[in-house]
Amino acid sequence: MPNSFFMTIKEISVSNEELRVMLEAGYILREAARFSEAEAIFRGMMEFLPESEIPQVGLGTVYLQKGEFERAEEICEQALSINPESLYARVHYAEALLFGRQRERAENELREIISGDPDSPHSQTAQALLEAADLISPNQASPTNFM
Amino acid sequence: MADDTLITPVKTETLPPVAAVYPDIDVQQRSKEPNKFLKVLGGVASTALSFVAPGLGGILGNVIGGGGGSFGSYGALMEQQRQFEEMQRYNQISSSLQNRQQNQMMNQQQQNSMQLISVQHRVGMQAQEFTTVSNLMKTRHDSEMSAVNNIKS
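Residue numbers (my numbering), protein chains in the order written: chain A, 900 to 1046; chain B, 49 to 201.
Derived from the structure by calculation, the hints contain no laboratory data. Be aware that one or more of the hints could be misleading.
Said to hold, decoys possible - Pairs of lysine-lysine, DSSO-like flavour, derived with a Cα cap of 27 angstroms:
(1) K186/B / K965/A
(2) K186/B / K200/B
(3) K909/A / K200/B
Produce the entire structure from the sequences given, and follow the hints as far as they go.
In structure tokens:
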């Protein structure tokens, strides 16, 4: 009976706390530049949470950190297709645009995020990204009018 | 021409004192006081002869009336004048050297100031960049933690 030997992902019971710990482990591995391990974690989390955009955005940030901005943009776009309202996904999508030298689009997106919910932690990241736009994408002349 | 102090690089060594270069300067200054009679006679001769030969009158008057009434005093005068001219040259060279040293020092100071300003500018820029990146990392971390804390299976 080989089929009974393997469990499907839905049969594995994982608590919210365990999911958080795994996600955090993914972020830590990403920051430690252990990209393949971080990617494995986020891909596994995507299996656990197919309806959440968070592991997918996490995967996108791994590609951002690796310098593969187009791939990161694609992944964040996919995450937005799961939850178009997700500020977390929108911020990282805009970040991918900014790093991919699409500064104007990125800045517009970031300003929209900030104006939509100024107190959100994602809006603060958006603000910080706007402030760092000159460092991230310096060659394009664009007025950095924050807010 | 290689010895020309205006062309060759300036050495920062100071010039020797004037007394060392001209040790007999004091001797020259202590010239004999001429005889009163000879002074008067020289004056008269000078005036009289200056009508006949204007240049020679003054010289002869000086020879008769000046320091001891001999040609030696005229020679000493000429020697004094030569030494005076030499001293003038010496002073000129000395002041030119001083000016050059001052200019060099000013240029060096200017360069140092410019370097300092440039370094200060770079440090300021780096500090600003550091603050910006640090703030971005912090807010990104907060954003991620907020997303993770809202997760539900």
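### Hinted pair K909/A and K200/B, Cα distance within 27 angstroms
Roughly 14 angstroms between the alpha carbons, so the hint for K909/A and K200/B holds.
### K186/B paired with K965/A [C-alpha distance capped at 27 angstroms]
holds (19 angstroms)
#### Entry: Holds or violated: K186/B to K200/B, with C-alpha atoms at most 27 angstroms apart
holds (24 angstroms)
Against the hints set out earlier in the document, no violation occurs for any number.
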